[in-house]
Amino acid sequence: MAEQISEQIIKVKKVVSQDLLSGRIDLLLGWEKGHFWWQSRPLFARSEEDLERLVWDSFCVINLSRYLPDELKENKKIGVLVKGCDARAFNRLLQDRIVERERVILYGLPCPGMLDYALLIEEAGAALKGIAERNGKVILQTDEGEKELLRDDLLLAKCRHCLHPDPVVYDQLLFPPLGDREELEHFKSVEELEELPADERYAYWEKELSRCLRCYACRQVCPYCSCLECFVEQKSPRWQGRAYQPSENFMFHLVRAYHGTGRCIDCGECERVCPVGIPLMELNRKLIKDINELYGHYEAGLDPEQEPPLLTYRPADPAAFSEK
Amino acid sequence: MKKLLLKEKWPELWTLLAHEGPLYLPVEDGSVVLYQPWQEGVKVNLEAVNSTVSPKDIFLPREETYLHYSCRGEMLDLEDVESDEPVTAFALHPCDLKAIEMIDRVFLNQDPPDALYKKRRENTTVVALACRRPDPYCFCGVFGIDPTDAPGADVMAYLTEKGLLLEGRTAKGKILLDKAAPLLEVEADETNITVDVKTQDFGLQVGGLPEDLQERFNDPVWDDLFRSCLGCGICTYVCPTCYCFDVEDYGHEEGGERFRCWDSCMFGHFTQMAGGHNPRPSRKERVRQRFMHKLCYYPETYGEIACVGCGRCLRSCPVNLDIVQAIKVLGGGKVG
Amino acid sequence: MSAVLNDPAVGRKPLIVAFCCNWCSYAGADLAGTSRMHYPSNVKVIRVPCSGRINPMFVLRAFQRGADGVLVAGCHPGDCHYSTGNYHSRRRLSAFKRLLEFAGFEPERFEVRWISASEGDKFAEEMEAMTAKIMALGPNRKMRDARWQSKSLSK
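Residue numbers (our numbering), protein chains in the order written: chain A, 1 to 324; chain B, 1 to 336; chain C, 1 to 155.
Derived by calculation from the structure, the hints in this document are not laboratory data.
Keep in mind the model is a prediction, meaning the values are calculated, not measured.
Straight-line Cα separation of at most 27 angstroms, DSSO-like style, residue types lysine-lysine; simulated pairs: (1) K3/B <-> K198/B; (2) K73/A <-> K284/B; (3) K328/B <-> K129/A; (4) K198/B <-> K129/A; (5) K33/A <-> K334/B; (6) K284/B <-> K235/A; (7) K77/A <-> K284/B.
Next comes chain A alone, as it looks inside the complex (with noise of 0.2 angstroms):
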């Protein structure tokens, strides 16, 4: 990469500030720091006061295109600032037809990846100060001195799974792009888990799913949770129980992740915000990897007008059970 990421700032403020003061966009969603050098929180920015605090860092972690829905029902015309997974996440909301594409000004970032806290400080062995970053490198600042490691093995897991960095949807692509990347093992947790006999795979799910909170932030923070009443909270007929038996455990992660068939986009959310460790992309990615096999490779997000492999047929497609 070019410019350091931190460095990249000064550009994005400049075009975006020009934009919001200009009229063209009513609202900015982008980042501003959170509590901690770690952390990031939206921003929502209105005036050149509020771009102050508008960062671009490598923990801007958070999707933005999940504000759209809510937020345009206040403002005329929004800007966003998208990495490659938001702007899937904006074409799942624009296939949903839940964002209209003319009020929203998509300002494309192409992301190297977002670095995982809990592995900085792993590695740190040490109280953890800050990181400073330079060639792809990332120098952890401790008590004990200073430590260098590479960029890519400090990342997010759904960053060391993401395949397209780059936007794919923009109205200005602010970097020059830095091309799609390549992960041969990107279903090997998959096919781990299809090797283990079904009482082993069921006995696993259970136990991690025993964790689950039901706190609903995988639901809250997917971009293909977009239903206007989600099935855990029909009252009649009842779906979801709220006591914390393994079958409503099931039921629950089993119909949300099999309700992203061909529509969930990879990006990793679910399980980033999931506070009790669910491996929550193994089930997505099982649905991602089935459909490739059955109908076709297929990734969500990243053509609009590609129809989702359930909501179409082909009278010769191939069947999971016996069809004869």
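Keeping the supplied structure of chain A fixed, place chains B and C upon it in accordance with the hints.
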């Protein structure tokens, strides 16, 4: 007098205590640390400062069945579900114990007190564990909590190089130590437990919060603060002082059961009424409710802010909208 | 077969829930009945307008409440009363079947079959075959709600 339990004898203590009834302690489960009942093979982690989810579920379980009913012709038979088994809550940190004290007021300082909570509370022996260092996210000092001492504990424990120093504080605690006596040694040098934990304040000064926060109910700060909220329930579920619950029935052909389970004011359906009206229709009202409950309503009733600075919401909120931010925008930050 | 089903050593009869499309498979089941063909009595038929009506939550709910196996039966591809319903269910239920297996269900627990109105014999054969496979697997405990009690199951 403090007694020493050598590290190598910890498993013996777990076995001993778990034999009597559930022994909850911080356990590594996947990538997180949670308070779970001890059983052979679990990975106990006493070094972790704050568990991902608070240990409040020892006293207020995520789900608790308290009534079975069965149909007999036209008749309905009811049967209470009661449990009298003794419970040990092990290695609760001072902030979490302070939070239990706050929940106690809600469930016990009532007439009648909450029978389910009361029973669990009475049946539980609490072993508190002094902190040795702050977690990156915690700020208990802001609320006057001493991370090295838990006034509500039955036994106070201190982690040392050699093991755990245990000090009985109440009758219940002394019973526990008596049972464990064969495993314990008298520690000659007790001075090595003076721990000096430098707590963080994150620039907070809660004294700076307005005297009457109720006046800020219609303040424009709420119009900004709520925007980033996704509307999930993480903050309420990991929080040690949140205690809201719901009651639900599970019915089948011949009867069923009634249970209570955690609920969250961050959910839209929390205040949904049968006729369809919802007094907190959007995330704005819900975010305001949660922070006002911590900073205004609870203190109005019980005299102190319902936050212990455990930092779990700072760690787990997916969008980093947390109570530190809320306190600051409401005027509880340090000036200058 | 009924001797096997009632064998106390085997335990209770496996419960199989068969969702049958109104236009083909339900008529096929009906034909099996009126033709006095024998098929296991432990199969509970639920009539749905089309295999495309199947919400996977129906299947999960059946497992929660005691089903040992679930079958969805619809018209042969190309014969759907609504033209394309079963083409859609083929895709949806294929993905769902694999998800169930990924969650740890044995493949035999959930099946989809195309059975026409004239295939009473196929309906009976499929039910016999599925019952035999599930007998071999034993009762399903996966996703079964521990709280669920039913008069028909406790017998």
